[in-house]
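In case you want the letters, here they are:
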Amino acid sequence: MDPRVSVVDKRLAGIERIIAVTGGKGGIGKSLTSSVLALTLAQLGYKVGLLDLDMSAPSAHVILGIDGIFPEEEYGIIPPEVHGISFMSICYFTGDEPAPLRGEDITNAMLELLAITRWGALDFLIVDMPPGIGDAAMDVIRWLKRAEFLILTTGSKVALVTVKKVIQMLQELQKPIVGVIENMKMRESGLVRDELSAYNVPLLGAIEFDMDLEDKIGDAAALAESTMAARLTEIVIQDPRFKLSQN
Amino acid sequence: MHEWALAEAVIEAAVEDARKEGMTRIREITVRIGELQQIELDPFTFALDEIIKLHGELLQHAQVKLEDEPAIFKCRVCSTEWHYQKASLNEAEGEAIHFAPEVAHAYMRCPRCKSPDFEVLQGRGVTIQRITGLK
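Protein chains in written order, with my numbering: chain D, 48 to 294; chain Z, 8 to 142.
Please keep in mind that the hints were generated in silico from the structure rather than gathered at the bench. Wrong hints could be hidden among the right ones.
[Unchecked claim] Straight-line distance between alpha carbons at most 25 angstroms, and here's what the computed SDA-like set of lysine to any residue pairs gives: (1) D:Lys57 to Z:Glu35; (2) Z:Lys60 to D:Gly61; (3) D:Lys192 to D:Asp114; (4) Z:Lys27 to D:Gly73; (5) Z:Lys81 to D:Met48.
[Said to hold, decoys possible] Covered stretches of chain Z, going by a simulated chain D footprint (3 or more residues, C-beta under 8 angstroms): (6) 68 to 78; (7) 102 to 114.
Values in this document were obtained by computation on a predicted structure and should not be read as measured data. Cβ atoms here follow ideal geometry from the backbone N, Cα and C, with glycine treated the same way.
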């Protein structure tokens, strides 16, 4: 018997809301949005954690410019606080080495992180979900019982075709969906609204494509001033779905 | 001490299973310790003892039996099998694997064909083999 699954709930018990950022396709900005959302919430005064669950290609540390730190060991491992965010990723252990992990390895590595990481009390834990709806994503959905899903799409039919499957699957599993954000919006179009109208999910807003965003990667202060951060701040402040129970 | 977190997982899982099985007392928990994770036994057993004390009657007289499991790897490319002792790891690499054994794929290679595509046949980490008790 694998004992680790039994302790996951306990590790997450001090967290008020777990927001899992997902979307069907790779390359739609899950890691960037997760990282900037965590920064935004931290700047608004919330206690925030960020968990990068991309085991093969973790990138949140690159986005936030996190380097040269290692978690503290204390009855488990304590995520280091960087830019006001408690941050956990497999990158602490793999460094820059490629770690070619197969499905079972990915499952094991994610479960290990969930079982040994002591988050303490947080308002929000932002989870950068594994891409797609394969083994890894299904494992996370099963283990993070209290997760609410924030779905990213772009205004492309190619992204939307998969996003619809993700929504359908989450709804079948009766998992709460915070809403959908359109990322990298390049032009006015009703495509996202029209394509998702049948699914009864809140459309939270859109983040415009930002030609300068790439230059801000690795610089948390610059990212906090980006258009993406501004849009996410609007969404978080204005949308009641981001309120904590005590607010 | 990261061993504490794993010990907590063992006890949580044992309690959960015992309740599911309708046990009123757990007599013995047999835990297998996979070599790859390089668990330090003293802090691990200390943590198990301390956590057991925090639980009530269900674990009052529970014994934990530890079994070692050697780590064996098999290359998916050339089918070579090898043992952990053959892996030449430095201290930092061993430490990283201790926290998340899958990162062995970043630091270990098949001794014959140098592929990182191998499976851990046995001895990955901590598993519960048996729980016995009274119903």
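When the hints from earlier in the document are held up against this structure, which numbers fail?
-> 3, 4, 6
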